[in-house]
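Q: Whenever a hint applies, use it, and build me the whole structure from the sequences.
Chain by chain, the residues run as shown.
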Amino acid sequence: MTVTHQELDKLIARKYREGFVTEVEEERLPPGLNEETIYALSAKKQEPEWMLHWRLNAYRLWLKMEEPHWAHVKYPPIDYQALSYYAAPKAQKGSPKSLDEVDPKLLETFEKLGIPLHERARLANVAVDAVFDSVSVATTFKETLEKAGVIFCPISEAIRKYPDLVQEYLGSVVPPGDNFFAALNSAVFSDGSFVYVPKGVRCPLELSTYFRLNASGIGQFERTLIIAEEGASVSYLEGCTAPMRSEHQLHAAVVELIALEGAHIKYSTVQNWYPGDEQGRGGIYNFVTKRGECRGAHSKISWTQVETGSAITWKYPSCILRGDYSVGEFYSVAVTNHFQQADTGTKMIHIGKHTKSTIISKGISAGHAQNSYRGLVKVLKSAVGARNYTQCDSLLIGDKCGAHTFPYLEVKHPSAVVEHEATTSRISEEQLFYCQSRGIAPEDAVSMIVNGFCKTVFKELPLEFAVEAQNLLGVSLEGSVG
Amino acid sequence: MGEVLLKIDNLHVCVEGKPILKGIDLTLNYGQMHAIMGPNGSGKSTLANVLAGREGYEVTQGQVLYQGQDLLAMSPEARARAGLFLGFQYPVEIPGVSNLYFLKTALNAIRKHRGEGEIDAMDFIALVKERMRLIGLEEQFLYRSLNEGFSGGEKKRNEILQMLVLEPTLSVLDEIDSGLDIDALKTVAQGINALKSPKRGFLLITHYQRLLDYVSPDAVHVMAGGRIVKSGGAELAKELERKGYAWIEPLQATV
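Taken in order, these protein sequences are the chains called Z and S.
Residues in the first sequence are numbered from 1 upward in steps of one, following my numbering.
Residues in the second sequence are numbered from 1 upward in steps of one, following my numbering.
A portion of the hints provided could be inaccurate.
25 Å max Cα-Cα, derived SDA-like pairs, lysine to any residue [claimed, not checked]:
| # | chain 1 | residue 1 | chain 2 | residue 2 |
| --- | --- | --- | --- | --- |
| 1 | Z | Lys459 | S | Arg54 |
| 2 | Z | Lys455 | S | Lys104 |
| 3 | Z | Lys455 | S | Ile125 |
| 4 | Z | Lys455 | S | Gly56 |
| 5 | Z | Lys459 | S | Ala121 |
| 6 | Z | Lys381 | S | Ala121 |
| 7 | Z | Lys459 | S | Arg144 |
| 8 | Z | Lys459 | S | Gly96 |
| 9 | Z | Lys459 | S | Gly56 |
| 10 | S | Lys104 | Z | Ser428 |
| 11 | S | Lys155 | Z | Pro31 |
| 12 | Z | Lys455 | S | Lys7 |
| 13 | S | Lys155 | Z | Lys64 |
| 14 | Z | Lys400 | S | Arg54 |
| 15 | Z | Lys64 | Z | Pro31 |
| 16 | Z | Lys459 | S | Lys104 |
| 17 | Z | Lys455 | S | Phe150 |
| 18 | Z | Lys455 | S | Arg54 |
| 19 | S | Lys104 | Z | Glu443 |
| 20 | S | Lys104 | Z | Leu463 |
| 21 | Z | Lys400 | S | Gly56 |
| 22 | Z | Lys459 | S | Leu142 |
| 23 | Z | Lys459 | S | Tyr143 |
| 24 | Z | Lys353 | S | Lys238 |
| 25 | S | Lys155 | Z | Ser425 |
| 26 | Z | Lys455 | S | Lys186 |
| 27 | S | Lys104 | Z | Lys64 |
| 28 | Z | Lys400 | Z | Ala441 |
None of these hints come from the bench; they were simulated from the model.
A: As structure tokens, then:
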């Protein structure tokens with residue numbers, strides 16, 4: 001059926017719609033990384049002394065570490081001295097007090113990306129923090145959130161305004177020396193979001209951060225910290241895009257979630273970084289450490305991710321289930337096309353009694369792409385009655401792509417119940433023909449089949465974004481998905 | 001009407017270089033129902049697939065005119081939009097895609113081709129429910145994934161439901177009766193009869209005569225070895241039922 005494969009390849013020729021560049025004058029640090037860079041960065045952010053030391057400590061740890069290469073991905077060596085570690089639009093001085101102080105060009109950029117920040121146009125039930133390169137541009141609905149006692153602000157602002165909270169929790173889930181990229185991030189992170197939901201508060205809005213990587217030759221190192229106190233709940237979504245550039249760009253984020261007793265955190269990602277062109281030139285290296293800790297009993301952390309972009313994705317949103325009866329969930333759709341590579345999955349660490357985890361992973365590969373699921377389920381001796389259910393499904397489009405599954409299991413308590421199911425399927429010529437014979441164009445048919453395949457994950461996304469995710473899949477497999 | 005809806009003219013088809021159809025001639029007029037019968041491997045399903053435009057079939061000679069158009073030059077979806085429907089012998093499963101969503105997407109694709117707008121959601125539900133009643137399907141059926149976990153009978157009835165909703169001009173039904181018990185068979189026949197009209201045509205491909213008891217075809221053709229070896233009226237089906245297919249073997253040599 002070679003004819004069909006060729007046709008499919010044609011169908012999945014991708015267009016990247018967010019690839020425009022915003023022409024703004026930027027202030028940036030010269031390329032290179034040393035202690036001077038960190039002093040300069042910390043000064044730009046007007047950080048307190050303790051933060052500077054925290055960064056320097058991370059930097060020194062990083063110097064002793066080696067870049068990991070165990071993931072099923074291939075890329076040429078990264079020259080960390082060639083990158084710039086800070087870039088911000090010049091007009092932007094510190095955090096703007098209101099939208100009037102924001103460069104209209106930046107507002108226009110976000111508007112173009114479908115994230116209007118103006119009062120009149122913004123999304124009704126979603127508070128947005130918009131991050132442009134290394135700085136936060138604007139945060140909407142601040143007053144509504146303040147009234148509920150919820151803090152939602154750029155992390156650089158939180159470091160100045162809420163030092164006690166930040167000091168208590170920053171690095172408590174992902175310590176600075178956790179891994180090579182986490183150490184690098186801890187040393188040079190520029191901005192990101194901070195969320196604090198006090199005891200018993202249900203956050204009245206969806207919170208969302210939109211990351212836009214605009215400048216060339218910089219690394220983006222965002223840092224997100226979300227804390228839900230006892231009985232609190234919050235749903236947070238991040239979105240990301242970048243212009244089309246022929247060189248690779250590094251993005252190494254760290255996200256930490258902390259759920260205290262009875263708290264619920266739902267963290268959703270729609271990742272659409274520039275994936276590179278059909279030949280594999282350019283695109284973002286997305287090397288991310290995301291981890292949540294269910295610190296209190298009966299707490300719950302749920303990760304949902306739709307990963308369609310990036311040249312290379314390397315991320316494992318994980319849950320440490322420390323509290324008894326805590327629950328961890330991971331729902332993932334990872335799409336790779338052309339020469340994209342994704343090595344993604346999760347780690348569920350069961351420590352508390354009767355902890356429960358669910359992993360649903362859907363990998364879609366097209367073109368020459370490689371898509372790997374890598375997951376660890378670890379049940380410690382203390383985790384009496386732990387349960388895990390894992391389901392990994394791979395869908396192949398064409399015959400030059402690959403799907404791989406690497407499940408790791410470490411079970412130290414005999415009462416644990418761990419289930420793993422995995423399937424690999426192709427969009428068959430028969431499925432396509434069946435749809436066509438009902439009048440449906442092949443690209444719409446592929447769209448329908450892929451969306452059907454991802455349904456169990458999409459239904460976990462906040463309603464406002466489920467449609468966006470479906471449309472995004474449409475862009476990723478342009479032509480094959482409508 | 002009496003006008004020609006489908007004209008197959010000396011059709012030769014190869015699969016992987018091997019000749020399967022060796023010169024099929026068939027003319028079906030508007031308002032007519034023809035049945036094609038024959039033993040396994042005679043080329044019946046190949047004919048159905050070629051008419052619907054499936055990949056992997058090489059037409060080496062001959063032509064097919066559908067409503068006067070060159071059918072073989074059209075893509076499968078163009079054929080469907082022009083009113084051709086293939087009822088599958090083995091309907092395909094599509095996990096996660098609801099029956100209802102699939103049906104609506106198909107209907108809208110066809111409506112769009114006709115220059116009509118998308119059907120109103122409420123009108124659509126009403127239409128589908130009405131058609132479902134004809135063939136005794138429960139509403140719950142609409143919300144299940146397309147053909148996933150359907151029993152053999154449900155799959156076939158679902159094909160008929162699609163046909164009833166899409167209202168094709170020419171329905172080619174490939175062994176729609178296979179694997180059905182007598183009640184399901186009657187239901188399927190009911191569906192077919194409900195759509196019968198002077199504006200449409202049917203080509204039923206079947207191994208057995210029993211469906212034909214309920215739908216009364218205008219003509220019966222017997223295929224063997226890639227050719228139509230005998231044509232006649234409904235009585236030909238009865239004869240086949242009585243005598244089996246063995247007696248037609250010698251006919252192949254004479255054609």
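Q: Please write out, lowest number first, the hints stated earlier that are contradicted by the structure.
A: Hints 1, 4, 6, 9, 11, 12, 13, 18, 24, 26 and 27 are the ones this structure does not satisfy, whereas the remaining hints hold.
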